[in-house]
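Colleague: This is what each chain is made of:
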Amino acid sequence: MTTLSNHVPDPRLITAYAEHRDSPLHRVNPWTKFSIVGALVLAVTVADALVILAGLYAATLVAYGIAGLPYRRLGLWYTLPLLFIVSVAGPLAFLEPGTSIGGAIGTPLGELSVTWEGAILFAELSCRSLTVVTFTLTATMTTRYADIAYLLGRMLPNPIDQVALLTYRFTFVMVETLEDLVKAVLARGATLSEFWANRRTYARILGMTLLTAIERSERLVKSMEARGYDGDITLYGDVPRPSLRGLAGVALCYVAVVGYALVAVYGVVSL
Amino acid sequence: MAHIHLGEGSFPLWALVLWTLVGVGLIGVVTYRVRKGGIKTHQIALAGIGAAASFAIFQLNLPVWGGIHMNLTGLVGILAGPALGALIALVVNIFSAALGHGAVGLLGANTLVNATEAVVAYYIFKTLMRMDWDIFPASASAATIGLSAGAVLMGAIIVISGVNGSALPRADLTIAVAGLVGLNLGVAVIEGILTGFVVQFLASVRPDLVGLGDRQQGEEDLSGVTA
Amino acid sequence: MKGNETADPLVDLHCEAHTYPDGTVGMHDVDFQVYPDEVVALIGGNGAGKSTLMEHLNATLVPDEGELVVDGTPINEDNKSHARKEVGFVFQDADTQLVAPTVLDDVLFGLQNYGVPADEAKERAREALATVDAGYLEDRIPHYLSGGEKRLVGLAGVLVLEPSVIVLDEPLAGLDPNRSRLVADRIEQIHEEGISVVLSTHDIDFAADVADRICVMSEGNVIDEGTPREVFYDLELLAEANLHPPSAVRVARDIGLDIETQPVTEAELVELLSEDESERTATSQVDGHRTD
Amino acid sequence: MKGNETADPLVDLHCEAHTYPDGTVGMHDVDFQVYPDEVVALIGGNGAGKSTLMEHLNATLVPDEGELVVDGTPINEDNKSHARKEVGFVFQDADTQLVAPTVLDDVLFGLQNYGVPADEAKERAREALATVDAGYLEDRIPHYLSGGEKRLVGLAGVLVLEPSVIVLDEPLAGLDPNRSRLVADRIEQIHEEGISVVLSTHDIDFAADVADRICVMSEGNVIDEGTPREVFYDLELLAEANLHPPSAVRVARDIGLDIETQPVTEAELVELLSEDESERTATSQVDGHRTD
Ligand SMILES: Nc1ncnc2c1ncn2[C@@H]1O[C@H](COP(=O)(O)OP(=O)(O)OP(=O)(O)O)[C@@H](O)[C@H]1O
Ligand SMILES: Nc1ncnc2c1ncn2[C@@H]1O[C@H](COP(=O)(O)OP(=O)(O)OP(=O)(O)O)[C@@H](O)[C@H]1O
Ligand SMILES: [Mg+2]
Ligand SMILES: [Mg+2]
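Protein sequences appear in the order of chains S, V, X and Y.
1 is the number of the first residue of the first sequence in the working numbering; add one for each residue after it.
272 is the number of the first residue of the second sequence in the working numbering; add one for each residue after it.
499 is the number of the first residue of the third sequence in the working numbering; add one for each residue after it.
791 is the number of the first residue of the fourth sequence in the working numbering; add one for each residue after it.
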């Protein structure tokens, strides 16, 4: 459906890749994959050399490819994360103290130009963000729906796990409700291409979406209580512990990140 | 969440740890309060589906400035109340991060910002309605103020943390961040107005939902909706 | 077969009125019983109160004034769970009924709420899925099921709790003929296992086919009840409830079939007409003025 | 009456395939035309692709590869509004279709989108509501209407745009017999006013009753089409599509009625059997061995 954004991953597509495809990454234990997300977050936070960051980013891109996932879509999905980087790092590229690259732009505030340091900072922040974005998507697109639900149920405290499980289940239903609403107004000649002129139509679509959600939750309460719900959805499904090899891999990642941080970044340990 | 999320790796390690702790603290308090009140099925159902709706709305591209996406956090706060609003903010952030939007490491910071938006919007809305404001200005202002509070908080978080790897002095960083916050305030106004229209619409089709019906008074109700 | 009305009722509802929060009176002055081993069909126009009545049977809704007795136990705030256990409910909206991430988890949902140990629960859940021929769905995500499959899983999730009564709101809504047949067959099977069934439907032919007893609702009230034959040949009553008789009854009436064995289901009509037909064929051969 | 197939089609869809975002192929290799002045019914099991096909007719969905021509104009990104104006669409789920605070506003919605001046728009909206006998609902909140009323308002909201084709997805879903009759009557009336109608339904008897042409879908494909008589007496075809024949056909077949005028609707069956019956009565009076 064209009206839903191309720039935000459709959960249905994500799940479809996880359920219907196969690749070496699909076979990696989910706990392992999500532990590696953690290691990557730590790595991009502590690493301060562009080469290292770019290397990490390149590695996640390769993993994404090995999982058989579509690069073209990844490009579209980068739009929003990149926007966030630009909005924070964009100004810094100019303001960062250092030698300027090429000519300066005259502005009422004085001369502005991108500095080498600013450009490098920009590149670093981009690599940081996109490394984790790429690998998180790789992980969610190669982990089965039920396994993700199980991880959510295990990692979050009650009642947040309950909320998260219901959200996961009903996201699909709500996306379809929204899509139906959009279809219905388009079928009667509404144009959604301009926001301000169509603000009321937007308000109605969004209002109906929330209303549907609220009414659905009223029905959901009935159906859960009819089966004796007492505030606890426990999942009997099971995601096995990672294999020894997986564990070793994860341990190695963390050791590498911490070691690198201690030696190269903070200089706590000198070799 | 109409606006900028903090991207992965923007902050140094100590800031990541700090905001995670603050976020955990906030959610801990909310969880404690919800648990203490006895977890009612209707709260869980509403929060679960409410978060799903907010997440679904995020899939819609709003054609402003070449396209923005919003979760309508202020609206969710007004409808679901402060406690559920905060939980919804957390859950939506978890799912967003899983889709590469926002950041895994900065879940704490991003949740803090969004929960603030929901909570502030809720209380302002309550207050303005008590002052007999009309539904549209009340909800539009509440959402705008809530979102602005979030934007300012986010600016503060960035300035306090400092950008990872940047040698820029805090004073200059503040200037850069002020621009960013300003931009976000613009989006807050748009989202606020949209929220106003949505609440107005909801009030016209289901007055009971937005506290206009004869709702129970007195009892401190954690959920905004009489489900 | 007619339910055993001499036995004590499994469910005995007396409801002076049920008023919804917005002031709508959903149902009033209703006395309704479910007896062991019967299939009761509720029919009536949109808004007649069928869903409202059914949701009272397991205390999802409670009367403004009145009483619900399940298996001899009067139900109050504290023992609602007794009603919920004995009276299983399959809602019309299959999508909101499935709450867990996989089919097996969903069937386990109720058992786990009642504290059944994991191993026993899994075994029972698999059995319940097998009962509705849906064992192969075990690992599937509810989102990817078809309407009929969702309905079956919803049914399994209730069956697994071994209720003595199962209530189904519009069990065939949105299903194609084959899936309808499948669900209808499962309902008959459940009945044969000794569980009483209460269902609502707009498909009069289905009601005629499946029910031992028909309750006709109109404006929040049960205006009459009886065997399908009693109800569906009472044209005045049906008109009052904005209903039409089943197609077999219409055909029988329209062709002026005025005979004692009033047909109600298609099968009965066919049997009756076949007798006629063979008779006629015989006759016409004698008469010699027809060539079939 | 059969649509005018010698005329140019109002809608001409050619679709190699339509793939949903998650990779499901909803429909493939379909060529579908709507001619002036006909009622086409799409039948087929759940997931057969009926909704997918219908949503292509007004460019709500577009083929991966293929073409939609409406009234001689090929539709592309820039003139979708032409398709939307000419082909009105009433969605199955009335709840996601009504988006305004009052019924009148909702009917006005489309007109406003096309920039019709307020006074004229109101007049036309009231007319459209009157056409479907729903004038009295004008000031109500759509959200609180009954299912049948919502369906009528949805219909009015599309009729008011004066399309040349109206597409209805499951127009009778969830309606009681009286409301079904009302909606079915409105559909016939719309047809009489010269508007072509395309509808999908699981109610085979309704399809037999209302359609000039039946398209049978299975697995994303139109596997056959023809007059009701052609389709409903082709038992192999129906079995392939997981469908059952209408009840009149079943009864006719089961009683071994092997006659040239194959009945398809209940009315036809009744007529046929009445002839028989009077004949039989006559015969039996002669034979003297029956007392009616
Ligand atoms: N949640 C509710 N709030 C207010 N009124 C309601 C609610 N649910 C039902 N009603 C009203 O109560 C009456 C009975 O509704 P009910 O849903 O029981 O009818 P039904 O026979 O099940 O109809 P249908 O065949 O359309 O499902 C109707 O007038 C309806 O509008
Ligand atoms: N939004 C969607 N995303 C993915 N797959 C879809 C979507 N909508 C439909 N499908 C799939 O496309 C196929 C055709 O579906 P469609 O809704 O057209 O069937 P239908 O004939 O209308 O069925 P029903 O009688 O149940 O309404 C099915 O396999 C369905 O699962
Ligand atoms: Mg009902
Ligand atoms: Mg369909």
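Please note that a few of the clues may not be correct.
Straight line, CA to CA, 25 Å or less: simulated DSS-like cross-link-like pairs of lysine-lysine [to be verified]:
#1 S:Lys222 <-> X:Lys578
#2 V:Lys311 <-> S:Lys222
#3 V:Lys397 <-> S:Lys222
Treat the hints as calculated values from the structure; they're not laboratory data.
Colleague: Against this structure, judge whether each hint is valid.
Modeller: Comparing the hints with the structure gives:
Distance hint between Lys222 of chain S and Lys578 of chain X is fulfilled; the C-alpha atoms sit about 13 Å from each other, no more than 25 Å. Distance hint between Lys311 of chain V and Lys222 of chain S is fulfilled; the C-alpha atoms sit about 12 Å from each other, no more than 25 Å. The hinted pair formed by Lys397 of chain V and Lys222 of chain S fails the criterion: a straight-line CA distance of about 29 Å is larger than 25 Å.
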